[in-house]
Amino acid sequence: MPELPEVEVVRRGLEQWVSGRTVTCVEVLHPRAVRRHLGGGDDFAARLRGHRIGTARRRGKYLWLPLDGGSAVLGHLGMSGQLLVQPEAAADEKHLRIRIRFDDDLETELRFVDQRTFGGLSLHDTTPDGLPDAIAHIARDPLDPEFDDVAFHTALRLRRTTVKRALLDQSLISGVGNIYADEALWRARLHYDRPTAGLTRPRSAELLGHVRDVMNAALAVGGTSFDSLYVNVNGESGYFDRSLDAYGREDEPCRRCGTAMRRRPWMNRSSYFCPRCQRPPRPARSLPRVAS
DNA sequence: CCTAGAACCTGCGAGC
DNA sequence: TGCTCGCAGGTTCTAG
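Here my numbering = 1-based position in the first sequence + 5.
Don't read these hints as lab results, they were simulated from the structure. Just so it is clear, CB atoms sit at the ideal spot from N, CA and C, and this is done for glycine as well. Watch out, some of these pointers could steer you wrong.
[Said to hold, decoys possible] Label-pair distances were calculated between CB atoms; the ranges are:
id, residue 1, residue 2, range
1, ALA51, ALA210, 47 to 53 Å
2, PRO285, ASP153, 26 to 32 Å
3, ALA94, ASP174, 40 to 46 Å
4, ARG217, ASP138, 40 to 46 Å
5, GLU241, ASP174, 29 to 35 Å
6, ALA222, GLN120, 26 to 32 Å
7, ALA94, ASP149, 34 to 40 Å
8, GLN21, ASP218, 25 to 31 Å
9, ARG206, TYR244, 30 to 36 Å
10, THR264, THR132, 33 to 39 Å
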């Protein structure tokens, strides 16, 4: 479950069901699931054993479990990853990659399940503010109280790129993925191919406001799930798919003006937009030179 | 330095 | 029925 609201739903589940417990046993069933852990699967398991898990944290689409002793288990769900709290007796999932057991008698275990293996877990040292060192390059997310709106606008103006690319750039703003980018752009009536350099302060502030609004709305109903791939730690789906205005709505009427929504291939995926509310930028041409 | 595109995986549904 | 193709909520590495 890829984007910020879905990852936050998982983080809350981990905080409730895993934080405070002590690891006894770790089983790595697929090496790709720990590929970001340089020491490999055996090292991952050995370093985790015996440690108590602190409060689950998140930045953008990354989440982590701080351990006593100053390190942390960093997790990313990729495209199809799930973190599930399951009864120890429950049958293994087909794509179970990592199992973590605890020393208490709750008889539940933490499972990392991932069909496409783009996600994974790894162990890292943490910086003084508690951030795993491996994600120092990830920007704060828009729901972080310390997110710097002015710096974000300045960065947009400096980039020679387009607005959707910028929204998906996790070093500029984290947590936004393909769904919430399209939703925020639809709300802001901005075409995905608009150059960021032309955005005014009010325009980028408005866009940022829509990013926050749509993410908070999704969070309130447990996130977006089209299928059983995207679930919380108890395997339950969210309901925000019913409230999507742009993503996945090709040929359906725009909820503002009734025009048929369009889908365009974009960066090996898709962009959904209203051709009337979200007018494309003027065709690219060379910038006029200053008259001499 | 910066930006755009391909690569990394598995599975599902549509079309032939 | 069975095959191929296109498509999927992401990140990272490479080429230009």
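Hint check:
1. ALA51 / ALA210: 47 to 53 Å: The hinted range 47 to 53 Å holds for ALA51 and ALA210, with Cβ atoms some 49 Å apart.
2. PRO285 / ASP153: 26 to 32 Å: At 30 Å between Cβs, range holds.
3. ALA94 / ASP174: 40 to 46 Å: 44 Å, holds
4. ARG217 / ASP138: 40 to 46 Å: Distance hint for ARG217, ASP138 is violated at roughly 28 Å.
5. GLU241 / ASP174: 29 to 35 Å: 31 Å, holds
6. ALA222 / GLN120: 26 to 32 Å: 28 Å Cβ-Cβ, so the 26 to 32 Å window holds.
7. ALA94 / ASP149: 34 to 40 Å: 39 Å, holds
8. GLN21 / ASP218: 25 to 31 Å: Given a distance of about 26 Å, which is inside 25 to 31 Å, the answer is holds.
9. ARG206 / TYR244: 30 to 36 Å: 35 Å, holds
10. THR264 / THR132: 33 to 39 Å: 48 Å, violated
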